[in-house]
Amino acid sequence: MSFKKKDSILRLLKYAGKYKWPLMLCPMVMIGEVAMETYIPKLIQRLIDEAIPNSERTGELSQVLICGGLMIVMALVSMGFGMAGSYLGAKGGMGFGRNLRQALFEKIQTFSFKNIDKFSTASLVTRITTDVNQTQNTLMMLVRMGFRSPIMFIMSLIYAAQMNPSLTTILFVAVPLLAAGIIFIMKNAHPRFQIMMKKYDIMNREVQENLIAIRVVKAFVRSAFEKEKFGKAADDVTQAQRNAEKVVLWNGPMMQVIMNGCIVAMLWFGGQQIIRGEMGVGALLTFITYVTQILMALMMLSFLFLGIVLSRASISRIMEVLNEEPDIANPEQAVTEVKDGEIEFDHVGFSYAGDKDNLVLQDINLHIKAGETIGLIGATGSAKTSLVSLIPRLYDVTTGTLKVGGRDVRDYDMHALRDQVAMVLQKNVLFSGSIKENLRWGNEHATDDEITAACQAAAADEFVRSFPDGYDTDLGQGGVNVSGGQKQRLCIARALLKRPKIMILDDATSAVDTATDSRIREALRAHMPETTKIIIAQRITSVMDADRVVVLDNGKIADVGTHDELLARSEIYRDVYLSQQKGVA
Amino acid sequence: MPPHGQMRAPAKPKNAKGTFRRLVSYLAPHKGKLIAVAACIIFSTAASATGTFLLKDVVNSYIQPLIGQAAPDLWPFAQFLLLMLGMYLAGAVATLVYNRLMMMVSTGTLNKMRKDMFLHMEDLPIRYFDQRTHGEIMSRYTNDTDTMREFLSQSFPQAVSSFCSVLFSFCYMVSLNIWLTLLVIALMPVILFITKAVGKKSGANFVAQQKAVGELNGFVEETIEGQRVVQVFCHERKSIDAFETKNENVRVAGTRANIFASILGPIMNNLGHCNYVIIALVGAIMIIHGYTNTGVLISFLTFTRQFSMPISNLAQQMNVIMMALAGAERIFEMLDEPVEEDKGYVTLVRAKKDEAGNIIECKERTGMWAWKHPHKADGSVTYTEWKGDVVFEDVTFGYVPEKTVLHNISLYAKPGQKIAFVGSTGAGKTTITNLINRFYDIQGGKIRYDGINIEKIKKDDLRRSLGMVLQDTHLFTGTVKENIRYGRLDATDEDIVKAAKIANADFFISHLPEGYDTMLTGDGANLSQGQRQLLAIARAAVADPPVLILDEATSSIDTRTEALIEKGMDQLMKGRTVFVIAHRLSTVRNSQAIMVLENGVIIERGNHEQLLAQKGKYYQLYTGMFELS
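Chains A and B are the protein sequences, given in the same order.
For the first sequence, counting from 1, position 538 maps to 538 in my numbering; every step adds exactly one.
For the second sequence, counting from 1, position 513 maps to 513 in my numbering; every step adds exactly one.
Any given hint could turn out to be false.
Stated by the list, open to error - List time: in silico DSSO-like cross-link candidates among lysine-lysine, alpha-carbon distance up to 27 Å:
#1 B:Lys481 - A:Lys198
#2 A:Lys227 - B:Lys459
#3 A:Lys232 - B:Lys112
#4 B:Lys481 - A:Lys227
#5 B:Lys112 - A:Lys246
Claimed, not checked - Which chain A residues face chain B? A few, computed with CB under 8 Å, are given here:
#6 Leu61
#7 Ser62
#8 Gly82
#9 Gly89
#10 Leu211
#11 Lys246
#12 Gly252
#13 Val257
#14 Val264
#15 Ala515
To be verified - Each pair of labels, with its calculated beta carbon distance range:
#16 A:Ser483 - B:Glu393: 27 to 37 Å
#17 A:Gln194 - B:Pro513: 22 to 32 Å
#18 A:Gln194 - B:Asn143: 44 to 54 Å
In case anyone wonders, no lab produced these hints; they're calculated from the structure.
In this text, all values refer to a predicted model and were calculated from it rather than measured experimentally.
Even for Gly, the Cβ is constructed at its ideal location relative to N, Cα and C.
Isolated chain A, as found in the complex (with noise of 0.2 Å):
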């Protein structure tokens, strides 16, 4: 665990918001609780002490009705404020953790690309999860427990030195040995318990392989292998678990024989006194009765304690991501309106680090017309995602200008910019929702009519008429039902309902055929004109009708043309279109 020590829970209260009331509320009311509760036993001394004795002597009950009644009152009070105080906690410690959950996940929808890469998916998902919650359930119980564990310790102190001072040394002895005894039990537990959860990621991994990658263990007959494997990592939680737990487990022998030590304590030198006529026999027990409050308190103080500095860790991984700064912003002054789908790169340079000696692009201009189609090609890792991420801004770029409609994309308002770029990701996704849902992303206020043409000119209309529900027919999580050329359809057609002025498609027609992306090709041809197309692709056939070719080999852009003069020129062009069409007669 990593964490500073500034990373604490109060630096989070200020995300409270409205909820601050109930929360400041909670202390007190808890106060309240206490204040009874530790009234009470007193009440029980005066009722054992003096009036049961009393309606003996006297054979009439006023005294007791008057002392049970009193505490009746104080026990219904009691619950009053003790009611409260789990409303006033949930309340506030669920709107906090309302609060907190919603300003990170705004937080997280303002990050540029680059903030994204820097913490991964699921480290993020499990921040705006269970470490919220975590935090939550801290401050919960820190609110409910934080002061009135506290208090609890101090007026039943108080209290019992009040009722019998020399008693209460007794706890002279019993606090500081039960405090030693709790601190020595967490120190070595602690560590132990991060070990054992290490461990316990390190199982679960094994069972995540294997259950991302069952075909790979049943096509080469290695569950046998898997079995081994996973044993000896059950083995070692099990081991873990054993060691962290046996330090814990002595916190509950420890309690009894330290409370029970007191008590013994207590009627031995408590007897002498009663003996002696210093003390009823109700006073002992209602002291005994504030001297196991008291450890208690502290008891519960204890797991206080350990709560907070277990939920440190999530504190500070929530913090890490409200802190983060993210890393493109819109100018002041932003220009809204972008003229055309002119694009010019101007000695561009590009590093996902930003770091000018080692450049993922290098020096790389180039001038695209608006309405110009740009075929980009390149081997694996030639930095052509890189390339065309700049144009919407993803990332800026690290030197040089790029300039789209005659402007620097850094003087735009980033949806303006945004709203005229549309890009297919090489790793796109649909969301669950409707197929008609997820195409409005595109345009939220598009028509039907609308909605079928942009799937007739990707190409989907065929298919998504084909389901039983057409466009109403629900995706699952991830956009599971549809096969992946039929989601990269889609995908385009989300794309082309925005009416964009630059249209980029990243190796978005991978998994669909030669003869379909073809006709795909055709459509935004004819359909949009005016846009700017640029389509980046693996295969040769779907770039060589572009206006021209971008060549990119290793972060530069080694030759400009069309099909024919790079066929003629370009050894790399030549190379890959050979590879593709080798055999052909």
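Based on the hints, put chain B in the right spot on chain A.
Chain B alone, transformed into the frame defined by chain A:
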């Protein structure tokens, strides 16, 4: 691909009794320890109840008689207290012992349960994994075993101990004063009623909360997974709004669940006080009328406080127990899933030919393999030389019986031939290869391997004889070397380098920071898709299997690199029967036979030239590439 089913886990067990019984059978091997645990719990609770009971004696016999004496003899009092102390200590030791024993039992049981689950899971058919999300199966190992752990190590001993202390307190209370005990019992229904009512509310709200949290988590996962798309479409505001609605649902449901979960404490505690007052009042009346005395009442009152606490505790534990049973039920459900059926008895063995030319089994590596075919009828064994001859006869298959995806597929692959499947996505190419290795069983027709019906071949031997490079490349956490060695566990380092060279992976591997010893994590996240495919090819190469299945094995490798590894691939495929699936027609061109699939039917077959001459679908697909030039 077959669709994934989404199921939400119910919070309550469907068959609590049966599940409980089965759980007990899991604990059976620890019978001795559990008896010791029970004994220790009984002893520990008895000790603390007796301690309370003895308070009466301390007050009545040792303190009160001495009151007012000038020189009281304290020795008997001290002796008695020492006895009490001894008893308390013994009680604490008993607690320690049962905590420790229970810890061993619970960790041991969980260990067994996890292993049972994994061992069983590894033997489940592919179909099982198709129908469930990974998260769903994963939660058997995480959430469900976690509640089991809580149940075994906390709730179970606590429930037993609560029960024992109620019992002991009750006995002592009866012995102290039967009438007051009856009064306590008469007051009990109030407490039970409230506990039950609150518990029920709390349970229902808890389920509602889980549902809201589940929905929120699903949304978060999906949105963040697609965060790049969200940004490209400027959909941030809408995502935030949708999130807010779901977030608010979680808050409302969570607040309710939490109120009801934490409200029981103060209610019970203070009802206990009220109980106390009523007993004190009635007790006082009884004292006045001479039915009892102060010492008894004091002791009884202490029990009253001790009595209500474990009862509400018991009620709260019931919630956890129900949840644990629901978890156990889901675990058992998985354990009850039928494993992959294997009625095969034909095995693959190393073989050689004796002088007479008969095939005989042998231990040494001969490079020759044979199918060992025992005949049940007469106990004889025949050997068939392994060649790699695969025949499909009229094969019909559907992932679900009512929806056939492959219709009457017939084809043959002679040893050493390269057979290719082409066709659009969803045509059934991958499905065919999944039938050869029996990931799925066919519904009609026959598949023969060297003349043997593959249903007669032991699955492990069948799969061992087939090398597969799958569409989605998966790597395991471990070094590059270990990942390649996955193909054949006894491969030497030289074998591995050789295989990597065949796959043209040697070059990039040697450029990794630690070469072949570089650690791969997260399914090889530090490698590009193309590099991962190269490793998968190397893995198949090191396995050196008689038959190869390449399912889009080079789809993420750009065509130039593919051309570079072609030589290696040719070497790999030489002399083997190879099934190739590829989108790129350039990959399949030099096959002996190409099958064009559409909607689960082979619509064309032949070699490249024949198919081009047919001017059918293949011709269209193929020329589709060039008609535009």
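Each hint tested on the structure:
1. With a C-alpha separation of about 24 Å, the suggested pair Lys481 of chain B and Lys198 of chain A falls inside the 27 Å cut-off, and the hint holds.
2. Annotation: proposed proximity of Lys227 of chain A to Lys459 of chain B holds, straight-line Cα distance about 17 Å (limit 27 Å).
3. Among the hinted pairs, Lys232 of chain A with Lys112 of chain B is consistent with the structure: their alpha-carbon atoms are about 12 Å apart, no more than 27 Å.
4. With a C-alpha separation of about 20 Å, the suggested pairing of Lys481 of chain B with Lys227 of chain A holds against the 27 Å cut-off.
5. Between Lys112 of chain B and Lys246 of chain A, the direct Cα distance comes to roughly 19 Å. Compliance with the 27 Å bound is thereby established for this hinted pair.
6. Below 8 Å, beta-carbon pairs count as interface contacts, and Leu61 of chain A has one with chain B at about 6 Å; its hint therefore holds.
7. For Ser62 of chain A, the interface hint is violated, since its Cβ never comes within 8 Å of a Cβ in chain B; the closest pair sits about 11 Å apart.
8. Given the 8 Å rule on beta carbons, the hint for Gly82 of chain A holds: about 2 Å separates it from the nearest Cβ of chain B.
9. Interface hint status for Gly89 of chain A: upheld, as the beta-carbon distance to the closest one in chain B is roughly 7 Å, under 8 Å.
10. For Leu211 of chain A, the interface hint holds, the least distance from its beta-carbon to any beta-carbon of chain B being 5 Å, beneath 8 Å.
11. Hint status for Lys246 of chain A relative to chain B: holds, with the closest Cβ pair at about 7 Å, below 8 Å.
12. The restraint placing Gly252 of chain A at the interface with chain B holds, with a minimum CB-CB distance near 6 Å, inside the 8 Å limit.
13. Because the smallest distance between the Cβ of Val257 of chain A and any Cβ of chain B comes to about 5 Å, under 8 Å, the interface hint for this residue holds.
14. The interface hint given for Val264 of chain A is met, as the beta carbon of that residue sits about 5 Å from the closest beta carbon of chain B, less than 8 Å.
15. For Ala515 of chain A, the suggested interface contact is upheld, since its CB lies about 4 Å from the closest CB of chain B, less than 8 Å.
16. In this structure the supplied range 27 to 37 Å holds for Ser483 of chain A paired with Glu393 of chain B, their Cβ-Cβ distance being about 28 Å.
17. Between Gln194 of chain A and Pro513 of chain B the CB atoms are about 28 Å apart, so this pair conforms to the stated range of 22 to 32 Å.
18. Hint check: Gln194 of chain A to Asn143 of chain B, Cβ distance near 21 Å, so the stated range 44 to 54 Å is violated.
Hints 7 and 18 from the earlier list are contradicted by this structure; the remaining hints agree with it.
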